[in-house]
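Protein chains: 2
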Amino acid sequence: MKVVIIGSGNVATVLGRLMVQNDVEVLQIISRNIDHAANLANELNCKYSDYNGLLDANADIYIIAVSDTALTPHVEFIKNLNKPVAHTAGSVPKDVLKTISNQYGVFYPLQSLRKEMKIIPPLPILIDASDAFTLDLLQQLAIKISDQVQVANDEQRQKLHVAAVFVNNFTNHLYVIAESYCQKEGVDFNVLKPLIIETAQRMAESSPSKWQTGPAARNDLFTIEKHLSLLQNYPEWKELYVNLTNSIMDA
Amino acid sequence: MKVVIIGSGNVATVLGRLMVQNDVEVLQIISRNIDHAANLANELNCKYSDYNGLLDANADIYIIAVSDTALTPHVEFIKNLNKPVAHTAGSVPKDVLKTISNQYGVFYPLQSLRKEMKIIPPLPILIDASDAFTLDLLQQLAIKISDQVQVANDEQRQKLHVAAVFVNNFTNHLYVIAESYCQKEGVDFNVLKPLIIETAQRMAESSPSKWQTGPAARNDLFTIEKHLSLLQNYPEWKELYVNLTNSIMDA
Numbered sequence: 001m002k003v004v005i006i007g008s009g010n011v012a013t014v015l016g017r018l019m020v021q022n023d024v025e026v027l028q029i030i031s032r033n034i035d036h037a038a039n040l041a042n043e044l045n046c047k048y049s050d051y052n053g054l055l056d057a058n059a060d061i062y063i064i065a066v067s068d069t070a071l072t073p074h075v076e077f078i079k080n081l082n083k084p085v086a087h088t089a090g091s092v093p094k095d096v097l098k099t100i101s102n103q104y105g106v107f108y109p110l111q112s113l114r115k116e117m118k119i120i121p122p123l124p125i126l127i128d129a130s131d132a133f134t135l136d137l138l139q140q141l142a143i144k145i146s147d148q149v150q151v152a153n154d155e156q157r158q159k160l161h162v163a164a165v166f167v168n169n170f171t172n173h174l175y176v177i178a179e180s181y182c183q184k185e186g187v188d189f190n191v192l193k194p195l196i197i198e199t200a201q202r203m204a205e206s207s208p209s210k211w212q213t214g215p216a217a218r219n220d221l222f223t224i225e226k227h228l229s230l231l232q233n234y235p236e237w238k239e240l241y242v243n244l245t246n247s248i249m250d251a
Numbered sequence: 001m002k003v004v005i006i007g008s009g010n011v012a013t014v015l016g017r018l019m020v021q022n023d024v025e026v027l028q029i030i031s032r033n034i035d036h037a038a039n040l041a042n043e044l045n046c047k048y049s050d051y052n053g054l055l056d057a058n059a060d061i062y063i064i065a066v067s068d069t070a071l072t073p074h075v076e077f078i079k080n081l082n083k084p085v086a087h088t089a090g091s092v093p094k095d096v097l098k099t100i101s102n103q104y105g106v107f108y109p110l111q112s113l114r115k116e117m118k119i120i121p122p123l124p125i126l127i128d129a130s131d132a133f134t135l136d137l138l139q140q141l142a143i144k145i146s147d148q149v150q151v152a153n154d155e156q157r158q159k160l161h162v163a164a165v166f167v168n169n170f171t172n173h174l175y176v177i178a179e180s181y182c183q184k185e186g187v188d189f190n191v192l193k194p195l196i197i198e199t200a201q202r203m204a205e206s207s208p209s210k211w212q213t214g215p216a217a218r219n220d221l222f223t224i225e226k227h228l229s230l231l232q233n234y235p236e237w238k239e240l241y242v243n244l245t246n247s248i249m250d251a
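The listed protein sequences correspond, in order, to chains Z and V.
Everything in the first sequence is counted per this note's numbering, starting at 1 for the first residue and increasing by one.
Everything in the second sequence is counted per this note's numbering, starting at 1 for the first residue and increasing by one.
The reader is advised that the hints may include incorrect statements.
Since the list gives no way to pick one copy over another, a pair counts as held whenever it fits inside one copy or between any two copies.
[As the list claims (entries may be wrong)] No farther apart than 27 Å at their CA atoms in a straight line, the calculated lysine-lysine pairs in the DSS-like style are these: (1) LYS210 - LYS193; (2) LYS83 - LYS2; (3) LYS159 - LYS184; (4) LYS226 - LYS210.
To be clear, the hints were calculated from the coordinates, so they are not data collected in a lab.
Could you put the whole structure together from the sequences, leaning on the hints where they help?
This is how it looks when you write it as structure tokens:
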């Protein structure tokens with residue numbers, strides 16, 4: 001299978017690496033920024049261009065791997081592509097692509113990806129398409145780089161994107177708060193890392209509802225009051241503590 | 001080293017197993033519930049008693065491994081122990097033990113522990129004591145079962161306990177919400193598990209502040225509005241989404 005990747009950011013880079021490692025032929029990297037395109041193309045050993053150049057016409061599929069918000073301007077650049085095309089954005093409907101091709105779809109890696117990653121984590125891919133031919137093509141591509149491939153329509157994908165915000169963005173923000181609190185209070189955040197990893201890893205075994213512990217879960221108002229007094233210099237974190245504690249108590 | 005463990009719950013069980021595996025002699029399990037005491041004692045191959053029995057007088061140290069809220073009644077039962085004693089509670093000052101011994105301390109495993117665990121995760125232990133002799137004894141015991149041992153006084157330990165609530169209890173609650181949302185909306189929560197694990201594991205490498213992504217971090221109001229509409233049937237989760245999004249935007 002031959003692929004052109006439009007984009008040179010985190011998702012484009014990680015997908016490009018995985019494709020090359022798994023015998024998918026990446027023909028060309030296209031990026032608004034020619035230096036970024038060159039860097040990734042050099043790594044993947046392929047051609048590159050900015051938006052003034054031409055898309056290689058020999059690809060089986062064109063993957064637009066740019067951020068959800070950048071997608072619309074990119075689509076306007078690409079127009080009139082008579083080949084299968086897919087975007088990688090969790091929150092964007094597939095039919096934003098219908099103006100550029102009559103064969104379009106989504107190739108959404110449900111993972112938080114960074115160029116700097118040395119080890120690429122397991123990467124579920126959610127696919128969807130306008131037609132059976134494109135869906136099959138996306139499926140063939142997805143199973144080359146992932147062993148967790150599911151078909152999910154726009155609505156299902158957007159719902160999983162909401163859930164992903166809870167388990168990734170919001171969770172990471174709680175880590176940020178904990179780290180910042182530890183720094184300000186002169187205690188060692190590192191000592192919490194085994195707990196952070198354990199909290200996540202045991203999800204693999206069983207439902208998180210089995211693992212809810214702590215003062216909120218046991219209605220321990222004495223400890224909660226003590227914690228609120230320890231947060232008194234941080235009104236925003238204190239408010240979040242109250243909100244989350246109430247939410248656990250109501251669950 | 002010889003130890004008597006008071007308690008038979010999750011913390012007592014996991015600490016007892018680790019001690020026995022690491023050549024610490026557990027002499028006796030004491031529990032209010034004689035059946036629970038017997039179960040754990042059978043597993044650890046030691047004596048047991050309920051509160052009507054006698055504490056084995058040959059121990060070097062007595063570890064009261066009961067929940068933070070249960071500690072005070074247990075302390076009342078044990079009184080007049082003229083041996084080093086320590087509790088395992090993150091949020092309780094060490095001097096709740098001073099009425100029962102003049103050598104007392106804390107032996108706090110900063111981890112979420114369950115009897116059912118097949119693999120015991122890395123277990124940082126925070127220790128503190130009334131005197132150098134007891135501190136040294138607790139240190140000797142701690143390094144037998146953990147390679148991450150730190151001295152932390154009451155205030156430091158309580159602050160880490162607050163931070164632990166953020167990274168464990170609150171994070172787990174976000175997982176619970178995500179799972180429940182997926183179930184109600186008919187999408188597959190399992191597909192989020194690699195993301196959950198990745199989000200936690202990369203903390204080992206670098207600060208969480210480097211990893212904040214998503215619509216709130218990039219001020220993507222369009223996606224946030226879409227997510228709020230997908231949460232409209234769940235006013236409590238929607239409110240938490242707003243609170244956490246605002247907190248990320250203010251960070």
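Check: Out of the numbered hints, which ones does the structure contradict?
Finding: Checked against the structure, no hint fails, so every one of them is satisfied.
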